[in-house]
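Based on these hints, arrange chain G on the given structure of chain A.
Protein chains: 2
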Amino acid sequence: MCLPGTVEKVAELSRAEAVSRRSFLTAAGAAGAAGVTATLLPSAAQAHVRGKGRHRRPVDLTHTFAAGFPMYTGNEPARRTLTTIPANGFYGQEWTFGEHSCTHMDAPGHFVAGGRLTPEITLKELMLPVAVIDISKKARTDPDAQVTPDDLIAFERKHGRIPRGAAVLMDSGWAEKLPDEAAYKNADSSGTYHFPGFGIEAVEWLLDRRSPRAIGVDTLSLDPGNSTTFEVHVRWLGADHFGLENLNNLGKLRRRGATAFIGVIPWEEGSGGPCRVIAF
Amino acid sequence: MCLPGTVEKVAELSRAEAVSRRSFLTAAGAAGAAGVTATLLPSAAQAHVRGKGRHRRPVDLTHTFAAGFPMYTGNEPARRTLTTIPANGFYGQEWTFGEHSCTHMDAPGHFVAGGRLTPEITLKELMLPVAVIDISKKARTDPDAQVTPDDLIAFERKHGRIPRGAAVLMDSGWAEKLPDEAAYKNADSSGTYHFPGFGIEAVEWLLDRRSPRAIGVDTLSLDPGNSTTFEVHVRWLGADHFGLENLNNLGKLRRRGATAFIGVIPWEEGSGGPCRVIAF
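Protein chains in written order, with the working numbering: chain A, 17 to 296; chain G, 17 to 296.
Extracted from the complex, chain A is given alone in its bound form:
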């Protein structure tokens, strides 16, 4: 509910921008003190504790939905205006953004004409067992690192078979580069991005040999940043599955055994869209 009548709409764009920067910089803080600690740890120490720790606590796999969160080339970042009535103690915001902002879903219809749209994703698909594929070690030395069939096989040797209907999530450690947009995108002088993603062979392996429902990444795109063909998007969404991008805190999640709730807003005719992802 928003109070009518006396609303004094203050489009404080400059203030919003300042607040936005401040909030974005403290976004890790909003996700809990543990997030801040992880960010301050040197990467070797992070690697040491990946997937360990408080296994029974829920883990928020969502970034704060922040104005100015890094976007893929050609897409305008989310923005907001404030509506505030100090006299009444009433406060609210108006948002404008594309569906592929911050932590979000890519529905099949994002790339596939006639593919399912956000409200058509079933409730059964929104509560999934998780398999976390840790490629953070190779991603530290190779920003173009991909999830390969060997990574999936190595996961299964250690943690058992990828569960039926799983969300297979790539933990490349990339979320820890935020809020540094340049490091997160890692563009070369020609503008080509260099960040990890799923390789097409791994996607084919999953589709042929297992039956997962979703894949997800802690980067801007299911495909590696240097992809020009977006073949993972085309193949995965073309198989009537959805993807998750810009996931957070995967390093805090045990590699197998968690259940992810994917709280996607049922955006009308959505091509995907922002969602809250929490693992239990």
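Keep in mind the hints are simulated off the structure, nothing from the lab. Careful, some of the hints might be misleading.
Unchecked claim - Here are the simulated DSS-like cross-link-like pairs (lysine-lysine), alpha carbons at most 25 Å apart as the crow flies:
id, chain 1, residue 1, chain 2, residue 2
1, G, 153, A, 140
2, G, 153, G, 174
3, A, 153, A, 201
4, G, 68, G, 153
5, A, 193, A, 140
6, A, 154, A, 68
7, A, 140, G, 140
8, A, 201, A, 154
9, A, 68, G, 140
What the hints assert, rightly or not - Ranges of calculated distance between the beta carbons of each label pair, as one might list FRET restraints:
id, chain 1, residue 1, chain 2, residue 2, range
10, G, 174, A, 89, 50 to 60 Å
11, A, 205, G, 138, 38 to 48 Å
12, A, 296, G, 174, 22 to 32 Å
13, G, 139, A, 210, 31 to 41 Å
What the hints assert, rightly or not - Selected chain A positions facing chain G (Cβ under 8 Å, derived; list incomplete):
id, residue
14, 80
15, 83
16, 116
17, 127
18, 135
19, 279
20, 292
Cβ coordinates follow ideal geometry from the N, Cα and C atoms, glycine included.
Frame of chain A, contents of chain G only:
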């Protein structure tokens, strides 16, 4: 991810409006065929089956996030533009809306200066046992019906004590008036709304005698539509709790025993905001 460079942005406002209307009218369909059936049933038959039926299946308590969904007076409805590249098979939308659109959370900071904002709601608060307070019978003859302490006492006599940390949700049957905006708002000739909500005595009773974490309604406002003081908002949010508005499908939910996942997007400095609510 959204494809760069070749993006041909088509702000098809007129098409978006047409699509919007169509989608909104079929929103119940998107939530499953059962929703359509419920809408077509006469209200006596609905009352007969409220809370009965397929108890073990998840129930989506969320309306499709639709352009044009009814808003409280003084607030502009959500709107969208389409971005589409038929040649590439790429599709996406851009949204603009206030945080109190469609199924959404009111965070304490919505009415309380310095109150908690959306990213500060803890994970523990987003997975709650549910108590459904059914006032649909009296709401059929009195659109100004309120949840009273007697309704809470009657619930406990039948279903046992309201669980610690519960989400206490008012099922007034009001969601079934959608997509008829006039019926949902039910304004009189002076513009005053007439739809059910929580009475302040029930809120005081809950705060004094039980320890719920959230209240929720299947109408536009926690307060009854004819409220001019918004005392339920002030009292409940002032007690550092959040509320949920425009819930859906409460008639399909068993009265006690379900667990609700409240997938609110962690909107930066949000006064609440759209969320996906699913009961298991």
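Open item on the list: Run the distance test for residue 68(G) versus residue 153(G): straight-line Cα separation, threshold 25 Å.
Closed with: holds, 16 Å
Open item on the list: With the threshold set at 25 Å, check whether the alpha-carbon distance from residue 193(A) to residue 140(A) stays at or below it.
Closed with: violated, 33 Å
TODO: Quickly compare the C-alpha distance for residue 201(A) and residue 154(A) to 25 Å and report which way the hint goes.
DONE: holds, 17 Å
- [ ] May I ask you to test the interface hint for residue 83(A) with respect to chain G, counting a Cβ-Cβ separation under 8 Å as satisfied?
- [x] Because about 6 Å separates residue 83(A) from the closest Cβ in chain G, which is inside the 8 Å limit, the hint holds.
Task: Holds or violated: residue 140(A) to residue 140(G), with C-alpha atoms at most 25 Å apart - done: Between residue 140(A) and residue 140(G) the Cα gap is close to 22 Å, so the pair holds against 25 Å.
- [ ] May I ask you to test the interface hint for residue 279(A) with respect to chain G, counting a Cβ-Cβ separation under 8 Å as satisfied?
- [x] holds, 2 Å
- [ ] Measure nothing beyond the straight line between the CA atoms of residue 68(A) and residue 140(G); if it is 25 Å or shorter, mark the hint as holding.
- [x] holds, 21 Å
Open item on the list: Hint check: residue 153(A) vs residue 201(A), CA-CA at most 25 Å. Holds or violated?
Closed with: holds, 19 Å
- [ ] Hold the hint about residue 80(A) up to the distance rule: shortest CB distance to chain G must be less than 8 Å.
- [x] holds, 5 Å
TODO: Using 8 Å as the Cβ threshold, decide whether residue 127(A) counts as touching chain G.
DONE: holds, 6 Å
Open item on the list: For residue 154(A) and residue 68(A), compute the direct alpha-carbon distance and say whether it is at most 25 Å.
Closed with: With a Cα-Cα distance of about 19 Å, the restraint between residue 154(A) and residue 68(A) holds, given a limit of 25 Å.
Open item on the list: Between the alpha carbons of residue 153(G) and residue 140(A), is the straight-line distance 25 Å or under?
Closed with: violated, 32 Å
Hints 1, 5, counting from the list given before, are not met by this structure.
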